[in-house]
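> Fit chain B to the supplied structure of chain A, relying on the hints for placement.
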Amino acid sequence: MNGPAKTAPTVTSGDRLDLLMAAARAGDAAAYRDFLGEASQRLRATLARKIGADAELEDLVQEALIACHEKRHTLDPGRPVAPWLNAIARYKLIDHWRKRGRSPIVLAEADGEIAADEFAGLDITALLGRLPHAQAEAIRLTHIEGLTNAEASERVGIGLSAMKLRVHRGMLRLKEIVDG
Amino acid sequence: MGRTEDLITRLASEGAARQGTATPHFALPLLLATILCIGATALVLEDAFPTYHLRGWMPMVVKWGFSVSLLLLAALALHVLGRPGRPSGWAVASLLLPFAYAAFFVLPALLFGDLPFPGEQWERCLIAMGIMSPIGFGSAVMATRWLAPTDTSRAGLAAGFFGGAMAMTAYAPFCPGEGGLYFVSFYLVPILTMAGIGWLLGPRLLRW
Chain A
1 MNGPAKTAPT
11 VTSGDRLDLL
21 MAAARAGDAA
31 AYRDFLGEAS
41 QRLRATLARK
51 IGADAELEDL
61 VQEALIACHE
71 KRHTLDPGRP
81 VAPWLNAIAR
91 YKLIDHWRKR
101 GRSPIVLAEA
111 DGEIAADEFA
121 GLDITALLGR
131 LPHAQAEAIR
141 LTHIEGLTNA
151 EASERVGIGL
161 SAMKLRVHRG
171 MLRLKEIVDG
Chain B
1 MGRTEDLITR
11 LASEGAARQG
21 TATPHFALPL
31 LLATILCIGA
41 TALVLEDAFP
51 TYHLRGWMPM
61 VVKWGFSVSL
71 LLLAALALHV
81 LGRPGRPSGW
91 AVASLLLPFA
101 YAAFFVLPAL
111 LFGDLPFPGE
121 QWERCLIAMG
131 IMSPIGFGSA
141 VMATRWLAPT
151 DTSRAGLAAG
161 FFGGAMAMTA
171 YAPFCPGEGG
181 LYFVSFYLVP
191 ILTMAGIGWL
201 LGPRLLRW
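Sequence order for the protein chains is A and B.
The opening position of the first sequence corresponds to residue 1 in the UniProt record's numbering, with each subsequent residue numbered one higher.
The opening position of the second sequence corresponds to residue 1 in the UniProt record's numbering, with each subsequent residue numbered one higher.
For the record, the hints were derived by calculation from the structure and aren't laboratory data.
All clues stand as given, with none of them false.
Straight-line C-alpha distance at most 20 Å; calculated SDA-like pairs for lysine to any residue:
#: 1; chain 1: A; residue 1: K99; chain 2: B; residue 2: L205
#: 2; chain 1: A; residue 1: K71; chain 2: B; residue 2: T9
#: 3; chain 1: A; residue 1: K71; chain 2: B; residue 2: A17
#: 4; chain 1: A; residue 1: K99; chain 2: B; residue 2: R145
Extracted from the complex, chain A is given alone in its bound form (with noise of 0.2 Å):
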């Protein structure tokens, strides 16, 4: 499948996804597995920082890691990988994004009509010990505590995205408890 073995261009960089990658167009099967790996890990570390930890997450990294696989031959020999990776995590993202039809905007409405009254009377607290711990955080932040989702994100240390989704996804868990 990857013909002989030829010889490997000169990587002066020392990050590993560059040697794996050099490697790997040298010939060697086991290294290109390495890359993909490689490559899964800083991708989903990439995207999670936008959109944060969740079941779209890793949908997102297997998109982005087949279109590193199928558009590698815009990989120049020599180039470092990290900008390209990145910019193709970036571009997904956004066509993820706009594929779903979901703008930040879209997602704090949503949030705004199902906050409105579907947990008043409730013991707030113990529901929020029902959900993951960053979404539970997320919606202390800005439902509780009364911050803006850009003062939220910058308290986390998180994009704006990640954390309008992150609240996003925990009041629609909320609602589906209270619902039962």
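Below, chain B alone, put in the same frame as chain A:
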């Protein structure tokens, strides 16, 4: 994470070897469309270089100087924009160079020129630009889809410039029209229109 591991195994089995070299895959549609349009124009129209006996090569130097440089720079911009993570601002900015070149000749002609406008065959010029620009644009889109543009609006813009420049390159030798106003009206405006359409359509046509 099991599904991702399965995916990695499947992708790894296909290997890291590149699916051919990027440049021929990219260049072939562009070359074919250019040859097709130049060839078809030469077959359909007669009397190439109609103003040569009156004004020498200067009008062609201006027209081809502009269109060929825009054609090449647009192809270069597409080639760079199609590679994720590569700085591309310089390639897009370089598309302004042919316009600066044209302005050097066209502005004095606009200010001091006394050539009749629009001339006798302006409709033919518009028709040629209208037919061939989309062909060039289509070939540029096809070529770029093989790459991976992450800024699809910019790539669409460059593809539009390529289409317009290709049409002008093919038609200009048969164009009797002269003067700054003619250049602006029947070449610059159609090219900019095609580029604008490319900017708008890029995100749809170049999505991958």
